[in-house]
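Protein sequence lines correspond, in order, to chains A and B. Residues in the first sequence are numbered consecutively from 1, following the working numbering. Residues in the second sequence are numbered consecutively from 1001, following the working numbering.
Take every hint as true, because none was put in to throw you off.
Stretch-level coverage of chain A by chain B, calculated; a stretch enters the list once three of its residues show a Cβ under 8 Å from a Cβ in chain B:
#, stretch
1, 77-88
2, 91-105
3, 113-119
No lab work stands behind these hints: they were computed from the structure. The beta-carbon is built from N, C-alpha and C at its ideal position, and this holds for glycine as well.
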Amino acid sequence: MLIGHQPKPFLLSVEALTVSFDGFKAVNDLSFYVEENEIRVIIGPNGAGKTTVLDLICGKTKATSGSIEFRGKDLTKLKENQIVKAGVGRKFQTPSIYDDLTVFENLEISFPRGRTVFGALTFTRDAAVRERVHEVAEMIFLKDRLNMSAALLSHGQKQWLEIGMLLIQDPDLLMLDEPVAGMSVSERAKTAELLNRIIKDRSVLVIEHDMKFVEDIAHKVTVLHQGQILSEGTMEKVKNDPKVIEVYLGH
Amino acid sequence: MNESRFATRSELIGILVLAVLLVVILPLCLDVFRLNLVAKYLTYAFVALGLVICWGYGGILSLGQGVFFGLGGYCMAMFLKLEASSVENTKIQSTPGIPDFMDWNQITSLPLFWKPFHSLTFTIAAVILVPGIFALIIGAAMFKRRVGGTYFAIITQAVAAILTILIVGQQGYTGGINGMTDLRTLKGWDIRPDHAKIVLYFFEVGLLFACIFIAQFVRHSKLGRILVAMRDQEDRVRFSGYSVANFKIFAFCIAAIFAAIGGAMFALNVGFMSPSFVGIVPSIEMVIYTAVGGRLSILGAVYGTILVNFAKTSLSESFPELWLFGLGGLFIAVVLAFPNGLAGIWGDYIQPRINKLIGARKPKAGWTDKSVADGAPAE
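Just need the whole structure built from these sequences, with the hints factored in.
So, in structure tokens, the structure goes:
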């Protein structure tokens, strides 16, 4: 099942990863590797353990066994904020933004400076911060809404805002959990355009159900089923895999 | 932009109005007895101020602020008590030179932990550090383990109960249920006569404004916005690279230190300290002051404290049995009908009318809502 044995070191190596919740193995002996600048899409039926894999990588859930190596660091031993510092960014399935703050403030909080208590007290909103916030706001189509309370944004705009918050972090590995779920057709197209622009210079791990969308962006697809890899490879290969058709694509 | 570092214009006006009220109007209108009552109320305003940061902004409900109020108050009272227990003053005791309650409890020498409280410098440091460090320990133990919400509130209640039991039980060391009474002088300066009460009142108001400024600074810093963000989406903050626990510990410690300053001023202004200001009931009352004033409003907390206490004094004079029901009813009413308290009522109903009257061009959404949005860049 190991694919891509290049001499180049992988950005992310997940090996023999297992997590069990009271005996139920949500992820079972899972291994996969993500290269630099690769876009990997994880698909699979409901309950396959897709979101759990992202939870394990970003530290939200602790692994029962196995290792997650990222740039030579074992992420299973780091705290959530250390994992972020190492260069992993994660977008949640439902838009997680700060309703009581403005769009500008939402983005500003993700700016990678002043992350300690003292640093946050002495943080100043200087030109570099403002420039970066404006730059990202333009990218996520929210340039003219910077002073608006984030609660007033539409669902799609909230998703973009959260993607923008991740962009400001400038992670080496960006993990997106269903970025186009619940979006209108036009928002979907805009999001695909946005993703295509931001995936430059970084690796992306995406969970998505929308097959059209997956085909558009994926370099490689991993199909999960019951916590294990069912198939892995290019979209073309995965689509024609009889096992995948049976459990997932067939219906 | 320069304003947003610290306070917006309308906040500055609010602070100014409060300053005029406390520094000019009240001292001119009230006799010394009533002014001293206001001084007593204001000691709780320190606690309410801390709760605005900790509960209003950070979303951490502490039902044990009396603990820190008490620790600060007891530190101050210990110093004052030692000064009042000089050898000449306590000649009739079997062991002269120790506080009277120790003598009554057959203690014959000053306990070790009392000795440093001969020094005023040590005492002032202790007023800040003892509650600060205690809050740090509780905060670290709870927040690092992700204990929050109701569980945290219950644990703070338990701590308040434990400390009360400890103080009452260790009569020989703490003065027991009576507390530390008969406090007389501060470095030889008598704190009991009228002119001393007035000086102490103004000193306290000065300290209160220092705390208001600190609270304003915290709120307008990025830390203030992170607290609000944490209240909404704790995980998002965590996965944006912040250690959520550290920020909660900070908010809890600030609230504890403010409460302790209030407690120390209580010992000075009122002249005694007792476990009845430490336990569960006073701790909950302090939360009610904040809720009535508006838990998102720094100034609202001060007004809320003064008004509720004023009502408490006048109502409990006439209807002593009814007061507690009144307080409970008030709390329920505020939570159900006006979740942002007096500050919310002011911002939603009164201020827009005033603005209309003066013909101000920009009607603002509300005091509390606005306070969050004001951090936005000026463009």
